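Colleague: Below are the chains, spelled out letter by letter.
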Amino acid sequence: MDLKVMLDVQKLRKDFPILNREVNGKPLVYFDNAATSQTPKQVIDVIIDYYSNYNANIHRGVHRLSQEATDAYEQARIKIQHHFNAKHAYEIIYTAGTTHSINLVANGFSSLLKKGDEIMVSALEHHSNIVPWQMLCERTGATLKVIPMNENGELVLSEFDSLLNEKTKLVFVNHISNALGTINPIEYIIEESHRVNAAVLVDGAQSCPHIKPDVQALDVDFYVCSAHKMCGPTGVGMLYGKEEWLKKLPPYQGGGEMIAEVSFEKTTYADLPHKFEAGTPNIAGGIAFGAAIDYMNSIGFENIANYENELLEYATEQLLQIDGLKIYGTAKNKTSVISFNVGNIHPYDIGTILDKMGIAVRTGHHCAQPIMDYYKIPGTIRASFMFYNTKEEIDLFIASLKKAILMLL
Amino acid sequence: MTIQEVQNEIIEEFSMFEDWEERYQYMIDLGKTLPLIDEKYKTEDNIIKGCQSKVWVHADMNDDKVRFTADSDAIITKGIIAILIRAFSNQHPNDIIEANTDFIDKIGLKEHLSPTRANGLVSMIKQIKLYAIAYQTQLN
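Here the protein sequences line up with chains R and S, keeping their order. Be aware that the first sequence starts at 41, since it is given in the numbering used here, and climbs by one per residue. Be aware that the second sequence starts at 215, since it is given in the numbering used here, and climbs by one per residue.
For reference, chain R alone in the conformation it holds in the complex (with noise of 0.2 Å):
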C-alpha cells in the first residue's frame, strides 16, 4: 500500500496552529524537533478545558472540580500505563521530565551504592544522562564506566560485554541518541546487564516520538521520556519503574501527597506512585500527556516511522549531493534525526542564515560534547523530522542551504 495515503500529511498539519507562522518573512519550516515537538490543537485544547472547567487540586479535594481533576489525571496515568504496556499503573511516576525522571533515580541509588560497585553509561548520552551518574559516583564512591562508540555512532557492543562483569550495578543508555538518530541495541544490553543483575535505565526521550516501546517485552527496569518531545507539553515527563525497583528506591523529595502519616517523630511514605510526587504536580501537563499519547495513537506508531523513514531517505540523499557535506551518525539503524557539517563552515553561521530563511533547525553540540570531541568538531547542524513535516519543506531546506553556503564560503 502506498504509505502516503495511510499518512494525510496535509490533513494533519492542519493540526498544529504553528506550522502556519512565518519567521522573518518566510513561512516557518520547523525542523528541531528532536529538541521539542510541536503541539496538535487536540492537545492545546485538553490544557485549556482543564484552566477553563475543572482546575483545582487533586487527590486530597472531597469537591467536585477536585474529584474531576483527579480523575482526568490518574486516566493519563493509564494512558500511559497503556502505552508502554506497564504491568501497573502504580509503575508510571509523573515526572518534570527526562532529566527529572533521571534525576529520581540516581539520587535513589545513592543509597544503594557502596564504593567498588560500578556503573555503565554509553557514549551516545545527552549530558542529562552523564552528569547525574557523576555525581552519583562522587556521592557514593562508585566507578562510572563508558561503553565506546565507533564512526557510525554505534555502540561497540564487543567493548560493553568486557566492561560488563559482577560489580557492574546499573547500566544507562538512551534508546535513540539525539544527537546522532541512532537507534541502540537496548534488547542486548538489558538482556546481557541481567545475567549480572545489573538494573538498566533507559532514556526514551528520543524514541517515544517515534516508536512504541514495550517495557514489559523489553524487561526494561526503567524507562524515562518527556511528554514535550511527543506532541505533549514542556515540563511534564514520566519514569517508568519496574515496581520491585520503586519499592526499593528511598523517596526523591519530602513534602505534600507522598506521606501516608506524619508525626514529628516518624513519617511513613505513601504507597506508589505517590511515594515520589511530592506536591503539587503538574496537572494540566499530566492530563495533556495523555492526550498527547491518544494523538499519536490515533496516527499510529507504525504509519509514523514508515513516513518519517521516507523522510529521513529523502533529506539524506538529498544532503549527500551537496559538496563537502558530511553526516555524522550514519548507523543502519537510525531515526528522522541528520546531525552535519560542511566543510569547515561554523554550525552556528549556517543555522544563522537558515534561521533568516525560516528554517528552524539545531547548531551546537546538542549537549552531548563527548559525542562532538570523539569527531572533534566543535558541533554539527542537525535536522530532525517529525510526521507533519513534508518532502517539499526539505527541498525548501535544501535550497536554503546552498544558498547559505554560497553566502559563506
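No wet-lab data here; the hints were simulated from the structure. Predicted model, so just to flag it, every value in this text is computed and none were measured. Don't take each hint at face value.
Ranges between beta-carbon positions, derived for each pair [stated by the list, open to error]: (1) R:179 / S:227: 54 to 62 Å; (2) R:184 / S:279: 28 to 36 Å; (3) R:443 / S:316: 27 to 35 Å; (4) S:254 / R:236: 47 to 55 Å; (5) S:236 / R:81: 36 to 44 Å; (6) S:222 / R:346: 52 to 60 Å; (7) S:311 / R:225: 52 to 60 Å; (8) S:243 / R:409: 30 to 38 Å; (9) S:328 / R:234: 45 to 53 Å; (10) S:351 / R:203: 50 to 58 Å; (11) R:152 / S:252: 49 to 57 Å; (12) S:351 / R:174: 55 to 63 Å; (13) S:236 / R:360: 30 to 38 Å.
Which bits of chain S does chain R cover? Going by a derived footprint, with three or more residues having C-beta under 8 Å, they are [stated by the list, open to error]: (14) 234-247; (15) 275-289.
Every residue, glycine too, gets a C-beta built ideally from N, C-alpha and C.
Mind docking chain S on chain R? Use the hints.
Modeller: Same frame as chain R, now just chain S:
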C-alpha cells in the same frame, strides 16, 4: 572619532543595505577580513566559551587608549566582533565604560546579542567593559 561618531557611521553604512542578505554578506566579509588576534593571545584565559561559538578577546593600552583584538571560530560572530571592535577599540577607557551598544539594535543585529544565542558576544561586551574599567583604574 568618538565612539558615538563611529557608531553613527556604522548605522549609516548599514542603512544602505536593502535586505538581510546584503547585511549578512557584509558581516561575513568583515568576518573574513578581521585582523586576527595574535596567536599568542588565543589562550584559555582569553577565551569566552559560548555554547554555539567561541570568542577570544585581548586588550592592551597605549597612549591612554585601549586597543582590542579578538577572534571567533564562527564567521558571523567574527563579523559582529569586527563591528564592536571598530566602535570600541582605540578609545579612552572612560569613554568605553560610558558607551552603550544601542547601535547594534539599529543595524538589525540585536538578536545576536541575546543571551539565548549563547555565542559569546554578550560576555564579550562585558569583557570589553571590564578591561576598560581595569585600565581606567590604572590611569586614576
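Colleague: Now tell me, hint by hint, if it's right for this structure.
Modeller: Hints, one by one, checked against the model:
no., hint, result
1, R:179 / S:227: 54 to 62 Å, "holds, 57 Å"
2, R:184 / S:279: 28 to 36 Å, "violated, 51 Å"
3, R:443 / S:316: 27 to 35 Å, "holds, 31 Å"
4, S:254 / R:236: 47 to 55 Å, "holds, 52 Å"
5, S:236 / R:81: 36 to 44 Å, "holds, 39 Å"
6, S:222 / R:346: 52 to 60 Å, "holds, 59 Å"
7, S:311 / R:225: 52 to 60 Å, "holds, 59 Å"
8, S:243 / R:409: 30 to 38 Å, "holds, 31 Å"
9, S:328 / R:234: 45 to 53 Å, "holds, 48 Å"
10, S:351 / R:203: 50 to 58 Å, "holds, 55 Å"
11, R:152 / S:252: 49 to 57 Å, "holds, 54 Å"
12, S:351 / R:174: 55 to 63 Å, "violated, 40 Å"
13, S:236 / R:360: 30 to 38 Å, "holds, 31 Å"
14, 234-247, "holds (count 5)"
15, 275-289, "holds (count 3)"
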